[in-house]
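**Q** These are the residues of each chain, in order.
Protein chains: 2
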Amino acid sequence: MFVRLIAIRALVVFAGLTLTPLASGFDGPVEKKTFALPSYTTVGGKTIRNVKVGYETYGTLNAAGDNVIFIAHFYSGNSHAAGKYRPGDAAPGYWDAIIGSGRPIDTDRYFVVSADMLANVNTKDPNTITTGPASINPDTGKPYAMTFPVVAMRDSVHVHKALLDSLGVHKLQAVAGASGGSIQAMEWGALYPELVERIVHVIGPGFDISPFVVEMLDVWTLPIRLDPKWNNGDYYGKEEPVDGVGQALKIVTITARAHGWAEKTFGYKWADAAKNPADSMGNSFAIQDALDKAGAARGKSTDANSMIYMAKANQLFGLGDELKRMKAKILFIPASSDMIFPPELSKRAAERYRAQGGVAELVIIEGDGGHLDGVFNVAKQGEAIRAFLAR
Amino acid sequence: MFVRLIAIRALVVFAGLTLTPLASGFDGPVEKKTFALPSYTTVGGKTIRNVKVGYETYGTLNAAGDNVIFIAHFYSGNSHAAGKYRPGDAAPGYWDAIIGSGRPIDTDRYFVVSADMLANVNTKDPNTITTGPASINPDTGKPYAMTFPVVAMRDSVHVHKALLDSLGVHKLQAVAGASGGSIQAMEWGALYPELVERIVHVIGPGFDISPFVVEMLDVWTLPIRLDPKWNNGDYYGKEEPVDGVGQALKIVTITARAHGWAEKTFGYKWADAAKNPADSMGNSFAIQDALDKAGAARGKSTDANSMIYMAKANQLFGLGDELKRMKAKILFIPASSDMIFPPELSKRAAERYRAQGGVAELVIIEGDGGHLDGVFNVAKQGEAIRAFLAR
Chain A
668 MFVRLIAIRA LVVFAGLTLT PLASGFDGPV EKKTFALPSY TTVGGKTIRN
718 VKVGYETYGT LNAAGDNVIF IAHFYSGNSH AAGKYRPGDA APGYWDAIIG
768 SGRPIDTDRY FVVSADMLAN VNTKDPNTIT TGPASINPDT GKPYAMTFPV
818 VAMRDSVHVH KALLDSLGVH KLQAVAGASG GSIQAMEWGA LYPELVERIV
868 HVIGPGFDIS PFVVEMLDVW TLPIRLDPKW NNGDYYGKEE PVDGVGQALK
918 IVTITARAHG WAEKTFGYKW ADAAKNPADS MGNSFAIQDA LDKAGAARGK
968 STDANSMIYM AKANQLFGLG DELKRMKAKI LFIPASSDMI FPPELSKRAA
1018 ERYRAQGGVA ELVIIEGDGG HLDGVFNVAK QGEAIRAFLA R
Chain B
668 MFVRLIAIRA LVVFAGLTLT PLASGFDGPV EKKTFALPSY TTVGGKTIRN
718 VKVGYETYGT LNAAGDNVIF IAHFYSGNSH AAGKYRPGDA APGYWDAIIG
768 SGRPIDTDRY FVVSADMLAN VNTKDPNTIT TGPASINPDT GKPYAMTFPV
818 VAMRDSVHVH KALLDSLGVH KLQAVAGASG GSIQAMEWGA LYPELVERIV
868 HVIGPGFDIS PFVVEMLDVW TLPIRLDPKW NNGDYYGKEE PVDGVGQALK
918 IVTITARAHG WAEKTFGYKW ADAAKNPADS MGNSFAIQDA LDKAGAARGK
968 STDANSMIYM AKANQLFGLG DELKRMKAKI LFIPASSDMI FPPELSKRAA
1018 ERYRAQGGVA ELVIIEGDGG HLDGVFNVAK QGEAIRAFLA R
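Protein chains in written order, with our numbering: chain A, 668 to 1058; chain B, 668 to 1058.
Watch out, some of these pointers could steer you wrong.
In this list, chains with the same sequence are indistinguishable; a pair is considered to hold if it fits within one copy or across any two.
Here are the computed lysine to aspartate or glutamate pairs in the DMTMM-like style, where the Cα-Cα straight-line distance is at most 25 Å [said to hold, decoys possible]: (1) K809 with E907; (2) K896 with E907; (3) K896 with D956; (4) K713 with D946; (5) K699 with D775; (6) K713 with E1018; (7) K931 with D775; (8) K896 with E1033; (9) K700 with E906; (10) K896 with D910; (11) K896 with D959; (12) K809 with D946; (13) K942 with D756; (14) K931 with D875.
If you are wondering where the hints come from, they were derived from the structure by calculation, not from laboratory data.
With the hints as extra help, turn the sequences into a complete structure.
**A** If you want it as structure tokens, here you go:
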């Protein structure tokens, strides 16, 4: 299979084709599976019954159960990290460029697992399986809405650890993730120092959330809370706050981008070539129109309350003294133009980890795409990841 | 007076006092005056009748009318750039640290003028005088609301030029401003190349707005547009969208700040020491609570529609080929941690200006206060401004 894929790829490149299902990194069939726990008690002491999360695996678990890499997902993402469900899928998983046969996270060597978080925001996406405010509370038969317990990042990590136990995993060669995924990777390292060999912390905050981002997460979800249809979270079965969700996703996008990206992608183009923005208060620029439309489209599969719960989970991140328990080698990969978690935060965290005797490496994704360079351009540091996994 | 002030300042420093009215930079009495034009026709071709803007002056105009520096204000500011109206005022004008007797913009030498913009947002502040959407349309006897014409940055500049003509100004030694004020300074240079000797462009975009900021300005005013009380701008005499305005000002503040500022000012403190944010979705962090309260307080004197008009004026900025007309020497002063107009934008503009034969200098305000370092910490480059004015 490996040799055949390479041959086909060469043909594809030669023919000048750039989009074909066979060119995706992970070539096997990707299947969304479900992991269930009868109950889970949060770090805050609240018990949630009938917990379900979706997961995907790429590659094969070895007999020792020690060739495993876990991929944790970011705020608006899910566990679809690589490959395609069907050959005709429009795009592969978000980190397909670095996960697959022969790629830096090599599925010929590693058994790669990714799982949906608790309170994942994509509740209406059929390929996301999660337990959160949109789930039915077995005690009432109705959606939890804002009565769902607060869930911290490590609550998802605890559930994902139970998943890995069920699969027979005995060693994690690495936990890797971008943004919110990088936070979970740190939680894994602090919670399970004997299990986790390496952490790949891509576009992350280091060992605690930045207070600036605590406030930015408040701003991200503000349009939801201002939408009268949000109704303090009580909207299930009614008209949902889709406008607020769309505008919230718009803010997520622009704050996760940067000046160069905006200039290259949209420049000063008008939304409508016949409507000069100088002529009327209602006439806008292309970037405004495009991000409004993208937010609205994405908003259709996104749950408003879950965006608020996911913001809270990020806001609560901070390892404190638990950092001292961590043993994993850490590779920090900030993006040069990231304004959410600027490279300075990773540099400072790397110094702090070295000061306590830890092994910390740092490489930067150079670019002008902002925070999202850690998702779309992670392959720029793919070889650094490959080398780090071999150390 | 100059000698006496210095002596008193020395005493103040010696006594360890940090707040006293006599320590303000401009020592003379500051008075808000009104400049009126019977009518003004915008660059978009719309005529506004009964135009009024407030202004302040510091220092004395010489006989030749050529010792003048104009200070243009930023998005949420007004013409109160220096001094105090009354000795008991809580704070002096925003750039008092660099404007005054013996200060870099020395009122013993220069006649300094600052004026309120059209559509200034502070309509309910008695020290702001402006003409904008909250003004009465003489044709209807009612507030313009969203029928007020689109006003560009250069519309305010045209009105301010008429003000300076009325005062007998024949030469501008400099036009200086922060952020939106820096944009107006560029407009002055392009519109009146024979009049303007120097431009001090503090925390500015260069010669055109960044598309990233076009979108951020959209985000700034989003909470207003989402507030049902905004009612498409028709709220005068009714309940006003004060919640939307307060939340909008909150977004302005956090996006105009930076990571270091948030960490030093708030850290990870909880809004209420008895309410752990991990315990409940409603419990928040100190930074959230403080910015909510500051926005709400400031929102009481701020007009919702004017924030939208001011955002539009910023979005429309771009000199295009008119840059070639500019002759003024330019001093660029970006702030190192500014994420609205990062230093890279000023560096690029300086190179572009030099490439067309212009004189461009650049110094950076080092700090972690973000964009607002150009307002609160401009004195860090006060001596660079003093030296530039002497060249």
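**Q** For each hint, tell me whether it holds in the structure or not.
**A** Consistency of the hints with the structure:
In this assembly of identical chains, K809 and E907 lie within 25 Å of each other by CA distance solely inside one copy; the values are 16 Å within and 37 Å between copies. Within a single copy, K896 and E907 get their C-alpha atoms as close as 6 Å, and across copies as close as 20 Å, so both meet the 25 Å cut-off. Taking CA atoms no more than 25 Å apart as the test, K896 paired with D956 passes in both settings, with 23 Å inside one copy and 24 Å between copies. In this assembly of identical chains, the alpha carbons of K713 and D946 lie at most 25 Å apart only when taken from different copies (10 Å versus 56 Å within one copy).
Within a single copy, K699 and D775 get their C-alpha atoms as close as 20 Å, which meets the 25 Å cut-off; across copies the closest is 75 Å, which misses it. Within a single copy, K713 and E1018 get their C-alpha atoms no closer than 36 Å, and across copies no closer than 59 Å, so neither meets the 25 Å cut-off. Taking the shortest Cα distances, K931 and D775 never come within 25 Å of each other, neither inside one copy (37 Å) nor across copies (47 Å). Taking the closest pair of Cα atoms, K896 and E1033 never come within 25 Å of each other, the shortest separation being 41 Å inside a single copy and 45 Å across copies.
In this homomeric assembly, K700 and E906 never come within 25 Å of each other (Cα to Cα): the closest approach is 30 Å inside a single copy and 52 Å across copies. Taking CA atoms no more than 25 Å apart as the test, K896 paired with D910 passes in both settings, with 9 Å inside one copy and 17 Å between copies. For the homomeric pair K896 and D959, the shortest alpha-carbon distances inside one copy (18 Å) and between copies (22 Å) are both at most 25 Å. Taking identical chains as interchangeable, the C-alpha atoms of K809 and D946 lie at most 25 Å apart only when they sit on different chains, with a minimum of 23 Å there against 50 Å within one chain.
When the C-alpha separation of K942 and D756 is checked against a cutoff of 25 Å, the pair qualifies neither within a copy, at 36 Å, nor between copies, at 47 Å. Proximity of K931 and D875 under a CA criterion of 25 Å is satisfied inter-copy only: 15 Å between copies versus 33 Å inside one chain copy.
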